[in-house]
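Chains A and B are the protein sequences, given in the same order.
Here the first sequence is numbered in the numbering used here, starting from 1 and rising by one per residue.
Here the second sequence is numbered in the numbering used here, starting from 433 and rising by one per residue.
Hints are computed from structural coordinates only; laboratory data are not their basis.
Fair warning: there could be bad hints in the mix.
Below, in silico cross-link-like pairs of lysine-lysine (DSSO-like), each with a Cα-Cα straight-line distance of 27 Å or less [said to hold, decoys possible]:
no., chain 1, residue 1, chain 2, residue 2
1, B, Lys713, B, Lys631
2, B, Lys633, A, Lys14
3, B, Lys748, B, Lys476
4, A, Lys135, B, Lys839
5, B, Lys543, B, Lys774
6, A, Lys14, B, Lys839
7, B, Lys713, A, Lys58
8, B, Lys731, A, Lys14
9, B, Lys476, A, Lys135
10, A, Lys135, B, Lys748
11, A, Lys135, B, Lys503
12, B, Lys748, A, Lys14
13, A, Lys58, B, Lys503
Per label pair, the in silico range of CB-to-CB distance [said to hold, decoys possible]:
no., chain 1, residue 1, chain 2, residue 2, range
14, A, Leu105, B, Gln757, 42 to 52 Å
15, A, Leu23, B, Pro468, 48 to 58 Å
16, A, Pro211, B, Asn497, 17 to 27 Å
17, A, Leu55, B, Gly732, 49 to 59 Å
18, A, Ser16, B, Gln487, 29 to 39 Å
Derived contacts from chain A toward chain B, CB cut-off under 8 Å, selection only [stated by the list, open to error]:
no., residue
19, Lys86
20, Gly87
21, Tyr89
22, Phe127
23, Glu133
24, Glu225
25, Ser226
26, Phe264
27, Leu348
28, Arg374
Quick caveat: nothing in here was measured; it's all calculated off a predicted structure.
Virtual Cβ for every residue (Gly too), placed ideally from N, Cα, C.
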Amino acid sequence: MHVNITPALIELCKLSGILLLILGLAYGYLWLNYKLWSFRLYLLCKIMLGVSLGLTLKSAGSSWLTAGFAICIPILVGCYFRFFLKGRYHTASYFLAPAVMGIVLLFLYPLCYEFYLSFHDLNLNTFSGWIQEGKAPLAGAFGLENYVEVFQNRATGQSFFIVFLRTILWTAINLFFHVGLGLGLALLLNTPNLKGRALYRTILTLPWVVPQVIAVLVWRADFNESVGFINQFIQVTNQLCSFEFAGQTIAPLTWIGFQTQSWFLNPNALFAAACIVNIWLGVPFMMINALGALQSIPQSVYEAAAIDGAKPFQRFLHITLPLLKPVMVPAAMLGAIWTFNNLNVIFLMTDGGRYEGADILVTDLFKQSFTYYRYGFAAAYSFVIFAILCLFTFLQSRVGKEKPAAKKRPPLADGAKSSGVPLSTPLRSTGA
Amino acid sequence: MKMKLHSPYFLCLALSTAPLQAADKVQINFWEQDPPAVAAEIDKWITVFQKQNPQIQVIRQHYENEELRTKFLRSSVTGDGADIVYGPNDVAGVFATAGVIQSVDKLIAGKGFNPASLEMTKIDGNVWGVPLSEGSHLMLYYNKDLVKKAPEDTKAMLSEAKAFTDAKQGKYGLAFFQSEPYWFAAFQAAFGGAPLTVKGKVTKVTIDTPETQKALQFLVDLKDKDKVIPAECNYDCAKNLFLSGKTLFHINGDWELNAYKEKFGDKLGIAALPIVSETGKPLAPMMGGRFLFLNAGTKGEKLEASRKFVDFVTGKMVQLRIANQLNSIPATLEARQDPSVKANALLSAAIDASRNAKPMPPQVEMRSAWDGMRIMIQRAMSGKETVAVAIKTGQKAADESMRALQKGPEASPAKAK
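Model the full structure from these sequences, guided by the hints.
Right under this line is the structure:
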């Protein structure tokens, strides 16, 4: 078959040209600002530039949001140059300019647009008005109806609070097992003189290496009630290992709580299955992080503690854990945010939302947005999720905030002085 | 050396003049969502069309199913979408309600399309898509080594299925995607029900009805009473059971025809779904098809070029290729009467199996019906709810979803005409 790549090459050239042009304009703009920032009418000129740019865009058919954005940007840039930069940081500014521009155009503007949309009733029925006139009606009297609706009950069992609680449970369970199992495996791999460490590490990292989609699809087949591996394993193990006890047949796996399930039709089982899959996928990431942190702890610290008489558990509690904290806390926080926002696993395990009972906030949001075409509502919903995540991050940063070093740091043990590792008083006294 | 240094400049020159060479041609953007084999066939149609119409250039672009839908909606806002979208009938409701396609009443006049095809995209009296092929209907597949003759009714089918079933060995008399409402719709129709009722401009989801309750009870009985289907079986499970010879009868769509034919050869049996003995009515699956949709923003010479392309692909030559090369049922009656189509045993069997099929309603509210019925089936099949409660749950979910879909000013696809 004849394939013509010329159109693609032309598009590529055009795109590169546009990017270079934008970059050139940005640098020119930056240079001009550095030249003119001290000029007396500088700010006035910036305001005039912003207003004229915004009005031009508006008269060309743009929405007030876009026009407002165009008005604000030059004014904000002007204020920043006049009151903060004051002609300093030339080199840094030139290096940062492309990234800042990317963030403004590709993140900040869409974010503002999404916020604007969250107050409007943009759905399938108002879509043609949006195309033709760039307008969508306000959602309710004050544009707040979308936000109110987020917290109202929706399709059977899908009330916001149930989905929210499930999301919290989902995040907590996954995070607990990711960190717990990851740390446990890292400690095992960090055993001194462990033979075949590289091989074990490779095997344990495999879930992280396998593409998530493929891994979840394989797991989904394994959870099939009739022909899946999980149920068959439970059945076969029960058959092979069952025994008579006090006149009753004891099937060991069933006895300890593992039963064959309709994994997809039973909402609780489906949620459990999704958790199992995500735990399996997420452990290697925590394991690699913990292993890296463990390997960076100097052996001399353990030796010093051992000389002081610290037992293995005390060494773990007072050396390993505190020194793992700077690595594991950010990793756990990242893990929590990823898990909270993990669309793939739930989406694929529920077969694209076919099976009910395992939806978390983001999958519910996806459904509202792309199944029911409620773009305004989905925008409001995404801002609610954004606010929840911001709140969690804020709380986490408050809780995890280090107390002032002078108050916290206990006296150092002799052997630990060289590395500056704090050891608790009991440990020191044990060794004395 | 000098030549090497100059070569990038020549390349740039060639690239910069390329648009000029194509400038006098009218370009039509054509988006499709078909597998590579079909896309290769479409390329052949485009090649012939471009030879016949040298002033028109058709640029084909492939997208996946959901991507095609969302990207076309999104690009309609920016104005850089496709001029023609080639997709399934169920996008008609979404596109027409959103006002991103134009009605094709003038284009279909006098073309001899099967009337059922036109029903699949007819909303408020206007047709929104030009049919190219019909299909996506469910059929009864069986292995001729295991079954001598397709059963006429469910009584005969269940009697054979019960004899074959051995759950311990993973063998079941019947296998299909049992929790999916598309399959359930065939049972619902056999008991006299329908997922949607349209009266004028009022569309209602009709799940909580005695007919649906009977149909759902029949489905649950297949699992609990007759025990001829697995406790749970999704699409892949059902297909694998059939391919591995572990099921006697298999209900699946015509889209698997080629794959099954490849596996079983002459041993593949195809039949229309049987009659439900209890009601005397056949299991009536829904029927879909592939349609061409014209962008509401396509005007002037582009619209004229698009019309020429639509005329070309609905002509006899392409319709026969759809039948004989893609094994799909052509949308025009003229092509169906062609001897080459009648001689195609596989296609004839598919056409015969479609005799009881009903056109899928194009209304966007079908989305709510599907979602409500899915919840209903899952709850009843898992035993979480009784059949009587499950139909009420399904209705409630569908009504809630429909309220969300119908929100805003009264939706009328006619405003995009």
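Hints and how they fare:
no. : hint                            : verdict
1   : B:Lys713 x B:Lys631             : holds (24 Å)
2   : B:Lys633 x A:Lys14              : violated (48 Å)
3   : B:Lys748 x B:Lys476             : holds (15 Å)
4   : A:Lys135 x B:Lys839             : holds (16 Å)
5   : B:Lys543 x B:Lys774             : holds (20 Å)
6   : A:Lys14 x B:Lys839              : violated (41 Å)
7   : B:Lys713 x A:Lys58              : violated (62 Å)
8   : B:Lys731 x A:Lys14              : holds (26 Å)
9   : B:Lys476 x A:Lys135             : violated (42 Å)
10  : A:Lys135 x B:Lys748             : violated (44 Å)
11  : A:Lys135 x B:Lys503             : holds (20 Å)
12  : B:Lys748 x A:Lys14              : violated (41 Å)
13  : A:Lys58 x B:Lys503              : holds (26 Å)
14  : A:Leu105 x B:Gln757: 42 to 52 Å : holds (47 Å)
15  : A:Leu23 x B:Pro468: 48 to 58 Å  : violated (38 Å)
16  : A:Pro211 x B:Asn497: 17 to 27 Å : holds (20 Å)
17  : A:Leu55 x B:Gly732: 49 to 59 Å  : violated (31 Å)
18  : A:Ser16 x B:Gln487: 29 to 39 Å  : holds (31 Å)
19  : Lys86                           : violated (41 Å)
20  : Gly87                           : violated (39 Å)
21  : Tyr89                           : violated (37 Å)
22  : Phe127                          : holds (4 Å)
23  : Glu133                          : violated (11 Å)
24  : Glu225                          : holds (4 Å)
25  : Ser226                          : holds (4 Å)
26  : Phe264                          : holds (6 Å)
27  : Leu348                          : violated (13 Å)
28  : Arg374                          : holds (6 Å)
Going down the numbered hints, you'll see the structure goes against 2, 6, 7, 9, 10, 12, 15, 17, 19, 20, 21, 23, 27, while the others check out.
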